[in-house]
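Undergrad: Listed here are the chains, written in short residue letters.
4 protein chains.
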Amino acid sequence: MATAVDPALIENLVVANRVLVNEGVLDAFGHVSVRHPKNPRRYLLSRNLAPALVTTRDIVEYDLDSNPIEAPAAFTHFHERFIHGEIYRARPDVHAVVHSHSPNVIPFGVTEHPLRALYHMSSFLTAGVPVFEIRKSAGISNMLVSNNALGKSLAETLGESNVALMRGHGNVIVAKTVQMAVFRAVYTEVNARLQLQTASLGGPINFLANEEGAKAMQVLDNIHVRAWDIWKRTALAQMKS
Amino acid sequence: MATAVDPALIENLVVANRVLVNEGVLDAFGHVSVRHPKNPRRYLLSRNLAPALVTTRDIVEYDLDSNPIEAPAAFTHFHERFIHGEIYRARPDVHAVVHSHSPNVIPFGVTEHPLRALYHMSSFLTAGVPVFEIRKSAGISNMLVSNNALGKSLAETLGESNVALMRGHGNVIVAKTVQMAVFRAVYTEVNARLQLQTASLGGPINFLANEEGAKAMQVLDNIHVRAWDIWKRTALAQMKS
Amino acid sequence: MATAVDPALIENLVVANRVLVNEGVLDAFGHVSVRHPKNPRRYLLSRNLAPALVTTRDIVEYDLDSNPIEAPAAFTHFHERFIHGEIYRARPDVHAVVHSHSPNVIPFGVTEHPLRALYHMSSFLTAGVPVFEIRKSAGISNMLVSNNALGKSLAETLGESNVALMRGHGNVIVAKTVQMAVFRAVYTEVNARLQLQTASLGGPINFLANEEGAKAMQVLDNIHVRAWDIWKRTALAQMKS
Amino acid sequence: MATAVDPALIENLVVANRVLVNEGVLDAFGHVSVRHPKNPRRYLLSRNLAPALVTTRDIVEYDLDSNPIEAPAAFTHFHERFIHGEIYRARPDVHAVVHSHSPNVIPFGVTEHPLRALYHMSSFLTAGVPVFEIRKSAGISNMLVSNNALGKSLAETLGESNVALMRGHGNVIVAKTVQMAVFRAVYTEVNARLQLQTASLGGPINFLANEEGAKAMQVLDNIHVRAWDIWKRTALAQMKS
Chain A
9 MATAVDPALI ENLVVANRVL VNEGVLDAFG HVSVRHPKNP RRYLLSRNLA PALVTTRDIV
69 EYDLDSNPIE APAAFTHFHE RFIHGEIYRA RPDVHAVVHS HSPNVIPFGV TEHPLRALYH
129 MSSFLTAGVP VFEIRKSAGI SNMLVSNNAL GKSLAETLGE SNVALMRGHG NVIVAKTVQM
189 AVFRAVYTEV NARLQLQTAS LGGPINFLAN EEGAKAMQVL DNIHVRAWDI WKRTALAQMK
249 S
Chain B
9 MATAVDPALI ENLVVANRVL VNEGVLDAFG HVSVRHPKNP RRYLLSRNLA PALVTTRDIV
69 EYDLDSNPIE APAAFTHFHE RFIHGEIYRA RPDVHAVVHS HSPNVIPFGV TEHPLRALYH
129 MSSFLTAGVP VFEIRKSAGI SNMLVSNNAL GKSLAETLGE SNVALMRGHG NVIVAKTVQM
189 AVFRAVYTEV NARLQLQTAS LGGPINFLAN EEGAKAMQVL DNIHVRAWDI WKRTALAQMK
249 S
Chain C
9 MATAVDPALI ENLVVANRVL VNEGVLDAFG HVSVRHPKNP RRYLLSRNLA PALVTTRDIV
69 EYDLDSNPIE APAAFTHFHE RFIHGEIYRA RPDVHAVVHS HSPNVIPFGV TEHPLRALYH
129 MSSFLTAGVP VFEIRKSAGI SNMLVSNNAL GKSLAETLGE SNVALMRGHG NVIVAKTVQM
189 AVFRAVYTEV NARLQLQTAS LGGPINFLAN EEGAKAMQVL DNIHVRAWDI WKRTALAQMK
249 S
Chain D
9 MATAVDPALI ENLVVANRVL VNEGVLDAFG HVSVRHPKNP RRYLLSRNLA PALVTTRDIV
69 EYDLDSNPIE APAAFTHFHE RFIHGEIYRA RPDVHAVVHS HSPNVIPFGV TEHPLRALYH
129 MSSFLTAGVP VFEIRKSAGI SNMLVSNNAL GKSLAETLGE SNVALMRGHG NVIVAKTVQM
189 AVFRAVYTEV NARLQLQTAS LGGPINFLAN EEGAKAMQVL DNIHVRAWDI WKRTALAQMK
249 S
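Those sequence lines, one after another, are chains A, B, C and D.
Numbers 9 to 249, taken from the numbering used here, label the letters of the first sequence in order.
Numbers 9 to 249, taken from the numbering used here, label the letters of the second sequence in order.
Numbers 9 to 249, taken from the numbering used here, label the letters of the third sequence in order.
Numbers 9 to 249, taken from the numbering used here, label the letters of the fourth sequence in order.
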């Protein structure tokens, strides 16, 4: 279990799991983590569990090699926790990571159509959305990022972006806080749905300019908590009932 | 707070927030206002808050420059309240304004495909649906209509229409009453979804003729309250529970 | 109010209103009627009311000219009740009529793409789905079938079919019983959604053959009550709560 | 009724019915069965009933000719139970069968576009998804697999695959356990929806390679219970309320 961590952070991590289920980003699969606030070489992630079932007692501390620290022997661990460890290693600015199979995003990982920002709510996509082709690193595989070498390859593909797609699998989303990671995960899913619809109209699409995206992202720094607050309220009500 | 206003109007404004969330027009963002019934140079709008959380205590009175009148110091205000002030200034016939990121409408703001009326329920679209390109007024911006000059530009784009789209952002909808503004916001979203589907079939689309639209709008003047009544009933039940 | 009618029929008519709302065929608009079981020149329909609010006390008896019989003076009546009266006059085999703005069906009324049966659940569409163009009968109108002449034109377009679309408006669906009319309304909506998706794949579509449709309809005569029973159970539970 | 069967298996079969309704695979139609654990020439299936209403008391034992064994005289039986009997006869490895009208799958049965695996969650589709054309076996029919000869034809079309589509009707899904059959039914529906969206983007689609599919299926053998556990929890809560 995670020791010496502000319980409010743990609660937000648990809530993040619920919110991502409520908003259709996660189903019984996928996970969300935060970097340990006092030890940047550690991160906090649920044990292997469906996100909707995660409670504070299920949060485990891992090192950046994704070894659990003092977890109960009965706990099992996500096969793909290496995604989190290697991204935290490569990106000191990142303090929260979401891995999901966010449904509307899947098409953009298996075609030549890049996911791009349609509006200010998804302006964080203007930093670019690379696609991770696991076949380049692992050849024919079971598609899972199930060791540190593959996690490192994925982190390299992500580079300085906020979102990377994983071909035939899902995506990974990073941010400075768990609240912002959740916000980005939700609006990545929304943007993907809207982009599918827009593309179906045919003709050129007037995407957000990169410079507009950079400015709009500053707005999101302020306003994303308005969404978080109401999502959290709903999640806490569910967890009490 | 708004003084000397019929509490029934304030209640309807609060309910309008809820209805627009329930019907998928608003999420944690967007806002709805009414012109002050006794002072046409004032309008009523929630403080900066997620729409689903708005209560009567959160309604603030603003002048047409969008300065709050006697609001508690702890209140913050929507960055884009200028949308409302400038539209009320430019359009004496307008008594309610909705600003939203109504999802299905987004594609029509970023392509060359105009949003048009498919059926009588959205006949108010036959008055034309112009698209506001903020880049023409603000150059590279954070996409927000966050001052009076931009609000005025948007109002000019709106002209005499009932709906204007905002490229890469959302839309604005106006009406004589808050009930009709909500009705139009809901059926703008529905029409957008249906138009996306219709376009995917390919071939010409038999849109409502402008003259049919003008006649059908008179019908909506009568029947829109049937929708409002049931939406309000649902919203009030939620607010009590 | 309808006199001398088996209360079970009235209950089913009330339930039909609820089911059609629950299944996304009706919103605050649209209506469903049954022919009077003892007097074929009368029919039963709710007074002018949102379908989700209809109770047994709101059911009114009309003659085939759509004049109400002994209705309370406070009651108002649907502008388009003439749809029902004229279809009952033209089609002695019909004992229930649904008029809706069923959303996914709208695209097929405003394009050259006919609605056709994709699978056995909507086999009743193999009888053909004509489109009513009100402009041919009324010229530029408010789109409503608001008198007997227009109702008669619509009934003529319907002919011997089970479903007719109304351009820029909605559709009308007929059956021998209210249970079957509801079943057809639900699966017309489902078929329309599936046909939109199928068309988006491109290429030829292997629709149900007319002879397959005729045989499959006999199956539906047996099995549609299985759907009705569970829909009714849900509706009654809602009405009690 | 099924005798000498572990009640936990019966409970899972009942729960499977609920889960498939909750996840949008079944509506009032379709059915799920398990092979008798002690007698491979018998299988267990609900009597003719809407899936959401099935309880342990409704489970009937059938032989592979689909004759009921000691069922109450009042029970009626699914017209298409022969699907189950003939698949169990042809495929000794199969211990659970789902037949559904899973909506998003319908388009792939009526076009030349094969259903294929977009991501690891539906890797079981890489074994191939043949389409059963009932017209080849039955000529012009009512579309139902309503006898052993048609069930046998369907089983021949299925071959060694995990999923077969039925043109103008639905699909059939098989697995070693009822939990896996439910998992496959849910992700067949999800994959179909995602493939429709992906196809709408245009251009080539990078489907899962067959070898990737084979490896990813081994992962699903482990992780599908995580989904089952949370689906079952929800279903049991509904059944108690």
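Treat the hints with care, since some could be wrong.
Remember, identical chains collapse to one label, so a pair may be satisfied in a single copy or spanning two.
As the list claims (entries may be wrong) - With a cut-off of at most 25 Å between alpha-carbon atoms, the simulated DMTMM-like pairs for lysine to aspartate or glutamate come out as follows: (1) 144 - 219; (2) 240 - 31; (3) 248 - 78; (4) 223 - 141; (5) 184 - 66; (6) 240 - 66; (7) 223 - 66; (8) 248 - 237; (9) 46 - 141; (10) 240 - 164; (11) 160 - 31; (12) 223 - 19; (13) 46 - 73; (14) 160 - 237; (15) 248 - 73; (16) 46 - 19; (17) 160 - 219; (18) 240 - 71.
Everything labelled a hint here was simulated from the structure, so no lab data went into it.
Undergrad: Tell me, please, which holds for residue 46 and residue 19 at an alpha-carbon limit of 25 Å: within, between, both or neither?
TA: within (17 Å within a copy, 48 Å between copies)
Undergrad: 25 Å Cα cut-off: does residue 240 pair with residue 71 within a copy, between copies, both or neither?
TA: Neither, since 28 Å and 34 Å both go past 25 Å.
Undergrad: Between the shortest in-copy and the shortest cross-copy C-alpha distance, which are at most 25 Å for residue 184 and residue 66: within, between, both, or neither?
TA: within (23 Å within a copy, 31 Å between copies)
Undergrad: How would you classify residue 223 and residue 141 at a CA-CA limit of 25 Å: within, between, both, or neither?
TA: between (31 Å within a copy, 16 Å between copies)
Undergrad: Between copies, within a copy, both or neither: which fits residue 160 and residue 237 at Cα up to 25 Å?
TA: Classified as neither; 34 Å inside a copy, 32 Å across copies.
Undergrad: When Cα atoms must be at most 25 Å apart, do residue 240 and residue 164 count as within-copy, between-copy, both, or neither?
TA: neither (32 Å within a copy, 39 Å between copies)
Undergrad: If the cutoff is 25 Å on CA atoms, where do residue 240 and residue 31 land: within, between, both or neither? Let me know, please.
TA: Both: 12 Å inside a chain and 21 Å across chains, each within 25 Å.
Undergrad: When no copy is specified for residue 248 and residue 78, does a C-alpha distance of 25 Å or less occur within a copy, between copies, both, or neither?
TA: So residue 248 and residue 78 fail the 25 Å test inside a copy (28 Å) and across (38 Å) alike.
Undergrad: With identical chains treated as interchangeable, where does the CA-CA distance between residue 223 and residue 19 reach 25 Å or less: within a copy, between copies, both, or neither?
TA: Result: close neither inside a copy nor across copies, 31 Å intra and 36 Å inter.
Undergrad: My question is about residue 160 and residue 31: at a cut-off of 25 Å on alpha-carbon distance, are they close within one copy, between copies, both, or neither?
TA: So residue 160 and residue 31 fail the 25 Å test inside a copy (29 Å) and across (36 Å) alike.
Undergrad: Quick one: residue 144 to residue 219, C-alpha cut-off 25 Å, is that within a copy, between copies, both, or neither?
TA: Classified as between; 15 Å across copies, 32 Å inside a copy.
Undergrad: Check residue 248 against residue 73 for me: Cα-Cα at most 25 Å, and say if that holds within a copy, between copies, both or neither.
TA: neither (35 Å within a copy, 44 Å between copies)
The structure does not agree with the numbered hints 3, 7, 9, 10, 11, 12, 14, 15, 18 stated previously, though it agrees with the rest.
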